[in-house]
Amino acid sequence: MMSAAVGKWLDIGPTSQIAPGTARTLPVAGADEIAVFHTMRGEFYALVNKCPHKQGPLSQGIVHGDTVSCPLHNWRISLRTGEAQGDDKGCTPTIDLKVDGGRIYLLREAVIPPVKAA
Amino acid sequence: MNAQTGFEGAVGMTEKLVVIGNGMAGCRAVEEILARDPGRYSVTIFGAEPRVNYNRIMLSPVLAGEKTFDEIVINDQAWYDDNAITLIGGDPVENIDRDAKLVRTRSGHEEPYDKLLIATGSDPFIIPIPGNDLAGVVTFRDLDDVDKMLAAAEQGGDAVVIGGGLLGLEAAHGLSLRGMKVTVVHLMPTLMERQLDEAAGYLLRQELESRGQTILTGANTRVIHGVEGKVVGIELEDGTKVKADIVVMAAGIRPATALAKQAGLECERGIIVDDHMVTSDPDILAVGECVQHRGLCYGLVAPLWDMCRTLAGHLTDAPAGYEGSVTSTKLKVSGIDLFSAGDFSGGDGCEDIVMRDAARGVYKRIVLKENRLIGAVLYGDTADGNWYFDLLKKEEDISDIREGLIFGQAFASGGALADPNQAVAALSDDAEICGCNGVSKRQVVACIDAGSHSVDAVRSTCKASASCGSCTNLVESLLAITLGDGAVESGPATMCKCTSFTHDDVRRLILEKELKLIPQVMQELHWTTPDGCSSCRPALNYYLLCAWPGEYQDDEKSRFVNERLHANIQKDGTYSVVPRMWGGLTTPNELRAIADAAEKYGARTLKVTGGQRLDLFGIRKEDLPSIWADLNAAGMVSGHAYGKALRTVKTCVGSEWCRFGTQDSTGLGVRIEKMTWGSYMPHKFKIAVSGCPRNCAEATIKDFGIICVDSGYELHIGGNGGIKVRATDLLCKVETEEEAIEVCTGFIQLYREDAHYLERTAPWLERKGLDWIKAQLFDDPKRIGRLTARFRLSQKYWQVDPWANRAGGAHKDLHSHLAEVRPLSLENA
Ligand code: SRM
Ligand SMILES: Cc1cc2nc3c(=O)[nH]c(=O)nc-3n(C[C@H](O)[C@H](O)[C@H](O)COP(=O)(O)OP(=O)(O)OC[C@H]3O[C@@H](n4cnc5c(N)ncnc54)[C@H](O)[C@@H]3O)c2cc1C
Ligand code: SF4
Ligand code: FES
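Residue numbers (the working numbering), protein chains in the order written: chain Y, 1 to 118; chain V, 1 to 829.
Accuracy of the hints is not assured; some may be wrong.
Claimed, not checked - Calculated lysine-lysine pairs in the DSS-like style (CA-CA distance at most 25 Å, straight line):
#, chain 1, residue 1, chain 2, residue 2
1, V, K571, Y, K54
2, V, K497, Y, K89
3, V, K369, Y, K89
4, V, K768, V, K684
5, V, K261, Y, K8
6, V, K332, V, K369
Just so you know, the hints here were simulated from the structure itself, not pulled from any lab data.
Make the full structure from the sequences, and use the hints.
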């Protein structure tokens, strides 16, 4: 359960939680799970954890450069834009992310789906 | 230094400018204003430090003993006097009263302003751990800190530097030159990870270690220990303890915003300024490390100079907006040449050009996007750093010089020489092409003329580019010049697009050059990408663990998900779990445990596999460690159904029950599985033992198959039941179980050491030939013993149940979520 105060950015914890070259997941109740990546070059990215091909969990792929190879059928997805690389066509939504003071923040409105009328 | 008498007479006529911060930005801003309009303001500068303005970045050379304080002063007292600037040093401003438009210092001094400039710089980040306030814990920001370090170094002993960034490494270097034994503790796996990629970080680390520093990466400091209020050492999260007489905190900086925040100015990470360096109060400006401009905070001086020019323009009515800065970094450690600039994280539409020269310890990488240079990392040879930085800042189109760009300015702008082929053609016949093997251009050309028409043919004939590969492009050019572009033959496929070497070359060179880490292989063998790709990384990981059992540390991030999570990923992102059933045998107890686990973890399908065991489907990654703990408790271990590893040993019921059985095929299968499980292979490896030639265990479509007969055991190899069915070839016939096991082990190790990654035994056998395999195993009677000994050695380290490890808590982060978002309850809270 997140405890961050309501603001534009959602604090999802320290950068040290994700080793370079790996990704971790962030389930969102009522919306798609998010995968947060840390590349070997030290950049952080967040994407919906679904491959545009057949919904493979991108968080489980091999990260190289600024792409991840999907664990199911090896499509290569850009972590920056979510676009499939090479001849494959498709795009995974990305989520705005910033790193500040050693902590990772996601753009709240991109993470949290609009509240449905009760 | 204390309050100076100001130029009181001018007050009232001229506007009053008060500057908080007598540092690099504050004073430079005043210099820029004076240069534009000397009489415009009467200036008062407050400094927390009791001294004149000096060049902070040169504190590193002062610590290292290469400079004295006097040599790094930028503006001495005469400058303040000559320009009628009042310097109030050693008395920090504690309060800004925006309504009364005045500032108040610690000693109670009040100073009114018309315009206020905040240039308070940064505060060192003190990591919040126990012991961070002990005597002997210092930061590295000002001259007082340097004095503390020098005092400690005089006593000798051990120093720990927390933080392997620019600042930390310069502190470590200085203390080490001053005779201390230095350990650098860095949270991230790569030193200076914000400026360097993994490859350059690796070279830097090697160099520092060779100078006697101890570098601990991926190291999280948990506590600083002290005795009687004084530091004695640190302890890491993993329990490692390091002795320390002094601890330098160089874990980062935070813009010094306290004063601005307290005055109610808009701040985020830094004090927010617009393009004219104006804060949310039009009469208050800010420059330097304390500001945040267009979302960015800077920690280097170059941007400050731009900011100060903009600010001076604004204050003297000649506004010129500031658009942000591109920065470059150098490390001020003597003998280490390192340069990094721009954005080198790569990405869409970006192209990497990498050049590595292992012999000289050089690594260069430039990143291009849409024909423009956007980033550069140079290690070992930084002569072209400024040239690249210039191209980068000017955003020049580099299409015309692209071919020669990585070779540097001299080469790329050399007109005709910009075409590498022409440059090579221009070399003299005696010019050395391959430094490793001492091959001249004349020799290479002779070798090509004699019929070697591919890089590979040249390599195997005259040895040019056969060792480190750094001259591969020269050899390619010579082929093109000598034969004409069309006639160059492509050699055997290289491992992947990241290298010009084949799998065989890489395996051979790993042993010859004793390469023991993935980044080391990439550097020494001139990988053309900074961190490989999803095809070479798993291969290198396997080759290294096969070559150096016991020494090599498995690199999880270079493994496919199945081998990382020790389960098979399914189309819905859940996993399947297959416990080992030795030789296809099971017990009521095991079956009960499997049934219980299936219910407890909601396995939606429970299936008998084609490999004689049970598969539980639909397990969530979070539940894997606990289901494994349950299966472990009933005596079961991982079946490696997910691994490029020994999979199953299928057996038939054999002589114990079957009326045709000739030998104990079940018993032999179990024995073999107990011996071989856990071993990683180039690809998956399956074994079967059938009790008679009726072959109920389908041994003749396995990688290694045994058919028991009355007189002994027929040993078969290279079968495959998969995509392309291939029946085995008969390798030999032996009389005893012991011999069968010996040949099986020898064959497995030969395959492990020779095959290419992802090459199963069937294609491997067809490539090498049955005769070659027989010759390897049987020509020299001692050979097989050596192979089996190496296999056993490897098993000593690798025959461990990965499930037990995970069940015991290893790699928890692979199985757990980062956090969980439950938006509705949050929003409604
Ligand atoms: C579970 C199982 C099917 C079953 O329900 O029986 C199975 C399932 C898969 N097989 Fe298989 N194979 C299974 C026995 C076989 C067999 C039969 C055998 O081992 O006797 C074969 C043919 C024999 C052989 O390997 O030569 C077989 C030939 C393949 C192949 C083709 C290999 C080839 O060299 O052509 C693949 C694809 C690959 O490995 O690249 C494959 C790949 C797969 C993968 C791993 C596909 C994948 O990458 O996800 C499937 C994983 C499912 C999972 O999550 O468990 N599976 N697969 C069997 C597990 C056996 C075990 O206990 O470990
Ligand atoms: C050891 C070291 C090595 C470095 N090496 C490099 C390098 O190689 N290249 C590079 O580009 N950069 C380097 N830097 C960074 C560079 O020094 C800074 O970017 C630069 O000094 C920032 O200038 P500034 O004016 O914003 O802050 P500072 O130079 O820190 O000046 C801020 C001043 O404000 C004073 N102050 C703070 N609060 C108050 C207050 N309330 N009242 C009065 N005064 C106050 C401080 O005492 C300080 O003197 C290095 C820094 C250090 C410490
Ligand atoms: S045969 Fe195909 S579908 Fe069936 S388990 Fe094997 S890989 Fe999957
Ligand atoms: S689901 Fe990702 S490649 Fe198929």
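Hints and how they fare:
1. V:K571 to Y:K54: Between K571 of chain V and K54 of chain Y the Cα gap is close to 8 Å, so the pair holds against 25 Å.
2. V:K497 to Y:K89: Distance of about 22 Å is within 25 Å: holds.
3. V:K369 to Y:K89: holds, 21 Å
4. V:K768 to V:K684: This hinted pair holds, its Cα atoms lying about 19 Å apart.
5. V:K261 to Y:K8: Given pair K261 of chain V, K8 of chain Y holds - Cα atoms ~19 Å apart, limit 25 Å.
6. V:K332 to V:K369: violated, 30 Å
Going down the numbered hints, you'll see the structure goes against just number 6.
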